[in-house]
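Chemist: Residue-level listing of the chains:
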Amino acid sequence: KNQVEQSPQSLIILEGKNCTLQCNYTVSPFSNLRWYKQDTGRGPVSLTIMTFSENTKSNGRYTATLDADTKQSSLHITASQLSDSASYICVVSKTPGTYKYIFGTGTRLKVLA
Amino acid sequence: DVKVTQSSRYLVKRTGEKVFLECVQDMDHENMFWYRQDPGLGLRLIYFSYDVKMKEKGDIPEGYSVSREKKERFSLILESASTNQTSMYLCASSSPGQGTGAFFGQGTRLTVV
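Residue numbers (this note's numbering), protein chains in the order written: chain A, 1 to 113; chain B, 1001 to 1113.
Just chain B, same shape as in the assembly (with noise of 0.2 Å):
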């Protein structure tokens, strides 16, 4: 089975803080993607990369970046936490010809104070 693994389940930063949240897949999918899901707004795209050290700005890239060093780990980072980044976190990863969000992980759950 596909295995997207996120480092945490849950996760509580202060404000102005530095946070990376690390994703790891083992199916050697070229796609990984970073997603944010919101009640009522549905996941919506934050980043994606295609290949290591390659990356694409999704819908809502401001606030947020990411690094690909490692074709099979994907981190995102958030510069300075803002309570609006007070989100569920989910990253999910592809080959190709399966599109977006083929396997996702179980989610991070991020609470900014």
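Bound-form chain A, shown alone (with noise of 0.2 Å):
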């Protein structure tokens, strides 16, 4: 089964603090990889895609990571910010073009002052 898991659910920092976030997956074949943030009753909004020949890709203080071999992301924030709080959501392809895409359920965080 076609699957997209993300680590942790929710997560607490404070504000310049880095963190990373996880998101492993089963989909195959596999296209590319997207990162969403999504802010409170608000649309997710794209940060960053990679597709399965790119390792790294960073969009200002958020840097996205690939190992498709492992079939792994992880998307790390550096120095946080209050207005980095949201949600964070994982979506892989499966192939090109196609509009079946599987969402992870997202990360949850919030930044603290």
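In case anyone wonders, no lab produced these hints; they're calculated from the structure.
Glycine is no exception: its CB is placed at the ideal position from the N, C-alpha and C atoms.
Coverage of chain A stretches by chain B, computed from C-beta distances (three or more under 8 Å per stretch; other residues unrestricted):
no.	segment
1	40-46
2	102-113
Example chain B residues on the side facing chain A (calculated, C-beta under 8 Å, incomplete):
no.	residue
3	G1040
4	L1041
5	G1042
6	L1043
7	A1102
8	G1107
Just a sample of chain B residues kept apart from chain A, beta carbon distances all over 12 Å, derived:
no.	residue
9	V1052
10	E1069
11	S1075
12	V1112
Reconstruct the complex from the two isolated chains, following the hints.
Modeler: Structural data, given as structure tokens:
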């Protein structure tokens, strides 16, 4: 069964600290993996997208890594800010151009002052 | 910037009512999607449309229908709302090369009482 599992389910950190969110998937075949940020009560916004040939992709303070061999991805947030408080969703696509994306249930991050 | 606009942020309807959720995108995207998002379940695809008047069932189409008369507009219809359809509904659009859900709307929180 195609699955995308994220950990931890929730995380609380202090402002200015770094954190890493994990995403493990069993989706096969694999085309690409995307990380989204979703603020409470809003729609998700894309942070990064990586194909199987890419190991790392950055977007400001967000850096995503991908190990296609172990089917693991991580999202690293550097120098966290209060505005980083949100849910982070990992999404995996099976084949190019398909609408068949598998969504993780997300990690809820709270950054405290 | 791409804009995906959903007609309502919050909606309260009575059981048995016919409910229309509207979504408009301004980037001439071919693909449009409707998802529902429930705690602990992640996003689940209800319906997908890859062209005007074309639609495909997603993972949970029961109790829903859709309409796409114009390229920029994709409507989700609850023929007879039930309490188990209380949820957050998210519309998304993309070009075929970007895959599913490249850009999301802000979401509609529907409560059926």
